[in-house]
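Asks: Here is what each chain is made of, one letter per residue.
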Amino acid sequence: MAISPARDVVVSVDEAPSHRWWAGIRDFIRQRPLGAVGAAVVAIMVVVAIFAGVLAPYDPVAVDFAGMLSKPSAQHWLGTDAFGRDVLSRLIYGSRTALFVGFGAALVGSMLGSVLGVGSAYFGGRLDLYLQRLMDIFLSFPLIILALAIVAILGNAIHNVIMAITVPMIPRCALVIRSSALSIREMPYVDAARAAGFGHARIILRHMLPNVMAPFLILMTSFLGQAILLESSLSFLGLGVQEPTAAWGLMLRGAAVEFAEAAPWMAIFPGLAISLAVFAFNLFGDSLRDALDPKLRSL
Amino acid sequence: MRKYLIKRFFLMFPTLLGVAMLIFFLIRIVPGDVVELRLAGDSNSVSEQTLAEERAKFGLDRPVWEQFITWLWGALRFDFGKSMWTGAPIYEEIKLRFALSLQLAIMATIVAVLLAIPLGIISAIKQDTWIDYTVRIISIAGLATPSFWLGIVFILLMLIIFKWLPPMVYTPFWVNPWQNLLQLIWPALAVGYRYSAVATRMTRSAMLEVLREDYIRTARAKGLVEKLILSRHALKNAMLPVVTVIALEFAFLLGGLVVTEQVFNLNGLGLLFVQAVAHRDYTLVQALVMIVAGFFIVVNFAMDLVYAWLDPRIRFR
Numbered sequence: 001m002a003i004s005p006a007r008d009v010v011v012s013v014d015e016a017p018s019h020r021w022w023a024g025i026r027d028f029i030r031q032r033p034l035g036a037v038g039a040a041v042v043a044i045m046v047v048v049a050i051f052a053g054v055l056a057p058y059d060p061v062a063v064d065f066a067g068m069l070s071k072p073s074a075q076h077w078l079g080t081d082a083f084g085r086d087v088l089s090r091l092i093y094g095s096r097t098a099l100f101v102g103f104g105a106a107l108v109g110s111m112l113g114s115v116l117g118v119g120s121a122y123f124g125g126r127l128d129l130y131l132q133r134l135m136d137i138f139l140s141f142p143l144i145i146l147a148l149a150i151v152a153i154l155g156n157a158i159h160n161v162i163m164a165i166t167v168p169m170i171p172r173c174a175l176v177i178r179s180s181a182l183s184i185r186e187m188p189y190v191d192a193a194r195a196a197g198f199g200h201a202r203i204i205l206r207h208m209l210p211n212v213m214a215p216f217l218i219l220m221t222s223f224l225g226q227a228i229l230l231e232s233s234l235s236f237l238g239l240g241v242q243e244p245t246a247a248w249g250l251m252l253r254g255a256a257v258e259f260a261e262a263a264p265w266m267a268i269f270p271g272l273a274i275s276l277a278v279f280a281f282n283l284f285g286d287s288l289r290d291a292l293d294p295k296l297r298s299l
Numbered sequence: 001m002r003k004y005l006i007k008r009f010f011l012m013f014p015t016l017l018g019v020a021m022l023i024f025f026l027i028r029i030v031p032g033d034v035v036e037l038r039l040a041g042d043s044n045s046v047s048e049q050t051l052a053e054e055r056a057k058f059g060l061d062r063p064v065w066e067q068f069i070t071w072l073w074g075a076l077r078f079d080f081g082k083s084m085w086t087g088a089p090i091y092e093e094i095k096l097r098f099a100l101s102l103q104l105a106i107m108a109t110i111v112a113v114l115l116a117i118p119l120g121i122i123s124a125i126k127q128d129t130w131i132d133y134t135v136r137i138i139s140i141a142g143l144a145t146p147s148f149w150l151g152i153v154f155i156l157l158m159l160i161i162f163k164w165l166p167p168m169v170y171t172p173f174w175v176n177p178w179q180n181l182l183q184l185i186w187p188a189l190a191v192g193y194r195y196s197a198v199a200t201r202m203t204r205s206a207m208l209e210v211l212r213e214d215y216i217r218t219a220r221a222k223g224l225v226e227k228l229i230l231s232r233h234a235l236k237n238a239m240l241p242v243v244t245v246i247a248l249e250f251a252f253l254l255g256g257l258v259v260t261e262q263v264f265n266l267n268g269l270g271l272l273f274v275q276a277v278a279h280r281d282y283t284l285v286q287a288l289v290m291i292v293a294g295f296f297i298v299v300n301f302a303m304d305l306v307y308a309w310l311d312p313r314i315r316f317r
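So the protein lines, in turn, are chains A and B.
Take the first sequence: its position 87, counted from the start at 1, is 87 in my numbering, and no numbers get skipped.
Take the second sequence: its position 304, counted from the start at 1, is 304 in my numbering, and no numbers get skipped.
Hints were generated in silico from the structure; no laboratory data involved.
Every residue gets a Cβ at the ideal spot worked out from N, C-alpha and C, and that includes glycine.
Zero decoy hints are in this set.
Short, incomplete list of chain B residues facing chain A, as computed with Cβ under 7 Å:
no., residue
1, 19
2, 30
3, 144
4, 149
5, 152
6, 156
7, 258
Chain A regions said to be covered by chain B (calculated; three or more residues, Cβ under 8 Å):
no., stretch
8, 227-238
9, 270-280
So that you can see chain A by itself, here it is in the shape it has in the complex (with noise of 0.2 Å):
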């Protein structure tokens, strides 16, 4: 399992001069549109959770009985729900919550993942055998089932839910990075830095993990998603975030589909948040792992 294209990249990441930088990124806008326009919205995402103060219209936790349940209008463009919250203000500050968890759990989930990956592969013997199998365990419980019952047992703190969403992610990542890094073993320079007796830990940090930055690369771009995904579902079923923390999915909850038939307004756009959200990060994900491994198609 040759990850050849993968040292290309690394390349052009670490040492090109800056002006390769933006031809890498112009080519990539130029061959893969649909994932030009994935990074697009995510980029706008991350301006609009940054400065979510200046641009939302009104107090995303300003309760208004006066307004309630109010259509979309010049001065709600979005509408407000049960409590009379401005369903704009709330989407716009939702973005933070969906970020930050997502960003949280894809960062540390695949780091955590490719540490063990690596490591595995490269002490292999024993230590593989038991890692393996360990995560087979953790694999065979369904995402939202483990996360479950970690929240259950952490508490829904949003640092709790982020960990919640992590551990299932691990074993998923190691799976992969494991099998990219048992081709770099027996690459010769890692054979040159034991032979030049770099210690076990140099030797993993310094030569094998920047060579697994490929499927490192796609696996946390599609691990965001993913979270975004698992977050808003455990929000949804009252275990992530809790109220009155602006977030997609505790936004679907509750009033949202009891109302649903008078103020449609309540259900509509908060799905539509998280569905173009993932989206985006699944349309720049998908470039991406063609564009540095196409072999890694079934992620």
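Please build the complex by placing chain B on the supplied structure of chain A, with the hints as guidance.
Replies: Frame of chain A, contents of chain B only:
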């Protein structure tokens, strides 16, 4: 190959044991226990003694490893004990909901297969045309749309357009098939769309890979009709990864319906699981997880067998 399969067969057992241990101890770390929660509703003050007595009834006062051994011994004989919340046998609790979840899972699979295979094939044949782009966008959107939200949208559309809602009380298929299908088709579509997205992508990439093989070029060179090349030569070889993905997704569907069942107010295994966790109903949570994980592990192994059976290159290795 036989050696590999035998090894895989015997590896199923430590994995199952691991799953059993993991869920047994995980659920016991959750703060609060079933006895406290159940008695909390009865009266405002419950004496420590009553709590202790109730716990003793479920064997919760014994050392944890002893509880584990007792439970495991039962589980090995498919005796999962009684629900700690309702007191009914686990078998009864699950039997009620299993039919519903299984039917929903099967219907979603049918939806997924009917959508995914034609779409995936046409997308691969017409690679990089507008048809391909459309199919890819549809399938990426399928991965992005939360199925519970899709469910809400379906309900909303029916309310607004038809002024009609699917019946909310579950009717078993053998009582009134039409009523039953009317009710379950919507959740099946909502779940099936996401499911089909996974399968479409797999079909497309497997077809693309196969279409580049030498034997396809040979078939073309000898002047075989394109239709036959696709159906006889390409599709047969591309189906293996597709079937795998469909089977594995199916195994997870039983547990993955958690959120969709909530939207459609369906009393299936997913809803049961959420309630069981909320009630700290240890025995029920354990049984449900063992069923879902066990099913997944067995399907995984079965897929290995199918691979070996279908692909002589693997069989003779």
